[in-house]
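In terms of the working numbering, the sequence shown has 302 at position 302, counting the first letter as 1, and numbering is strictly consecutive.
These are computed hints drawn from the structure, not numbers from a lab.
Each hint should be verified, as a subset may be incorrect.
With a straight-line cut-off of 25 Å between C-alpha atoms, the simulated SDA-like cross-links for lysine to any residue are [unchecked claim]:
1) LYS300 <-> ASP333
2) LYS300 <-> ASP213
3) LYS314 <-> LYS239
4) LYS61 <-> LYS314
5) LYS314 <-> ALA259
6) LYS239 <-> ASP333
7) LYS300 <-> TRP312
8) LYS61 <-> VAL104
9) LYS61 <-> GLU95
10) LYS61 <-> PRO82
11) LYS61 <-> GLY220
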Amino acid sequence: MAVNCRLPAGLPRLLAITSVCSSRLRITLSLDLTALTGGTMSDDEAMARETVLGIDIGGTKMAAALVSADGTILTGDRILTPAGEADEVFAALGELITRVRGDVTPMAVGIGSAGPLDQQHGLVSPVNIAGWRNFPLVDRVRALTGDVPVALGLDGHCFALGEFWSGAGRDADTLLGIVVSTGVGGGLVVDGRPWIGQSGNAAHIGHVVVDQDGESCACGSNGCVEAYASGPRMVARAKRRGWRTDEDVDAAVLAADAAAGDALALAIFDDGAQALAAGIVATAVTVDLTTVVIGGGVAKAGPVLFDPVQAWVKRLAQLPFVADLTVEPAQLDNAGLLGAAHLAWASVA
Numbered sequence: 001m002a003v004n005c006r007l008p009a010g011l012p013r014l015l016a017i018t019s020v021c022s023s024r025l026r027i028t029l030s031l032d033l034t035a036l037t038g039g040t041m042s043d044d045e046a047m048a049r050e051t052v053l054g055i056d057i058g059g060t061k062m063a064a065a066l067v068s069a070d071g072t073i074l075t076g077d078r079i080l081t082p083a084g085e086a087d088e089v090f091a092a093l094g095e096l097i098t099r100v101r102g103d104v105t106p107m108a109v110g111i112g113s114a115g116p117l118d119q120q121h122g123l124v125s126p127v128n129i130a131g132w133r134n135f136p137l138v139d140r141v142r143a144l145t146g147d148v149p150v151a152l153g154l155d156g157h158c159f160a161l162g163e164f165w166s167g168a169g170r171d172a173d174t175l176l177g178i179v180v181s182t183g184v185g186g187g188l189v190v191d192g193r194p195w196i197g198q199s200g201n202a203a204h205i206g207h208v209v210v211d212q213d214g215e216s217c218a219c220g221s222n223g224c225v226e227a228y229a230s231g232p233r234m235v236a237r238a239k240r241r242g243w244r245t246d247e248d249v250d251a252a253v254l255a256a257d258a259a260a261g262d263a264l265a266l267a268i269f270d271d272g273a274q275a276l277a278a279g280i281v282a283t284a285v286t287v288d289l290t291t292v293v294i295g296g297g298v299a300k301a302g303p304v305l306f307d308p309v310q311a312w313v314k315r316l317a318q319l320p321f322v323a324d325l326t327v328e329p330a331q332l333d334n335a336g337l338l339g340a341a342h343l344a345w346a347s348v349a
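From just these sequences and the hints, can you work out the full model?
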């Protein structure tokens, strides 16, 4: 079901800043992920409407969708992110793109990718996609999509923009969005403006160091937020401490055990929450923000994650100007795709 809604007050302002006409998104935002699992319209209808292609790439899954000028997801799909060499990973993405776009040539493509990335040259080196190092993602996608404009941004930035426009951050002026999944990514909206930094890599909150003598991180450092709060790292730490050592389990199982009262699972989530809270508060006192929105697969743990995060934030945020810092769950399942689509619209505005 597509949800028709009035745009939040911050959306026209944001679109003006990103050079996208506010009238383009005046009515409908799709909030239903069933649109990504086979919902389609006829080829004639799809081709008759202006569309862009939004792509969301993370360490767990890749998603793509055709998105109309009013923000409606017309058709889309998702796959698990494969392991393998660079060309193997891209082949899977290419099949997804081809399947989703069909015979439609989009006006532009927007990509939200796990990072870091080189926005100027269209290269990506996602920490949790080992096969891609300085991978020329923009050029490869452009070759598949009819040589149309291709815009690239961090997946966390796209997530934050989606939630700022129509999700849990729609009443905020300044927002930190965090995606907790295979890795931990982030995005900032500051005074209504997307804050991407000089290289396009701002808000890599997963690689804020919270314990300089802590666990090693895939980025090469030690004690990063991601080393404690990402799903795979929480599961690995739990297994080292004796939890379900003979089973092939994931963060969802760990969350279920924590919700059932398992002391070890609860302790692991508390460790992850403490790391997240430390990164959140460090960002809040630097940027002067009061609204944080968390999404991603691990966030589906619900109170098992959010209760300790909120408790740790309250404990750590002692300066008066961050005393009202709030942490909320994401409201949109497809915020990253919508954000990526709007990168595409901005590129042709």
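Hint-by-hint comparison with the structure:
{"no.": "1", "hint": "LYS300 <-> ASP333", "verdict": "holds, 11 Å"}
{"no.": "2", "hint": "LYS300 <-> ASP213", "verdict": "violated, 30 Å"}
{"no.": "3", "hint": "LYS314 <-> LYS239", "verdict": "violated, 29 Å"}
{"no.": "4", "hint": "LYS61 <-> LYS314", "verdict": "violated, 33 Å"}
{"no.": "5", "hint": "LYS314 <-> ALA259", "verdict": "holds, 22 Å"}
{"no.": "6", "hint": "LYS239 <-> ASP333", "verdict": "violated, 29 Å"}
{"no.": "7", "hint": "LYS300 <-> TRP312", "verdict": "holds, 19 Å"}
{"no.": "8", "hint": "LYS61 <-> VAL104", "verdict": "holds, 23 Å"}
{"no.": "9", "hint": "LYS61 <-> GLU95", "verdict": "holds, 14 Å"}
{"no.": "10", "hint": "LYS61 <-> PRO82", "verdict": "holds, 8 Å"}
{"no.": "11", "hint": "LYS61 <-> GLY220", "verdict": "holds, 23 Å"}
The structure fails hints 2, 3, 4 and 6 (numbered hints given earlier, in ascending order).
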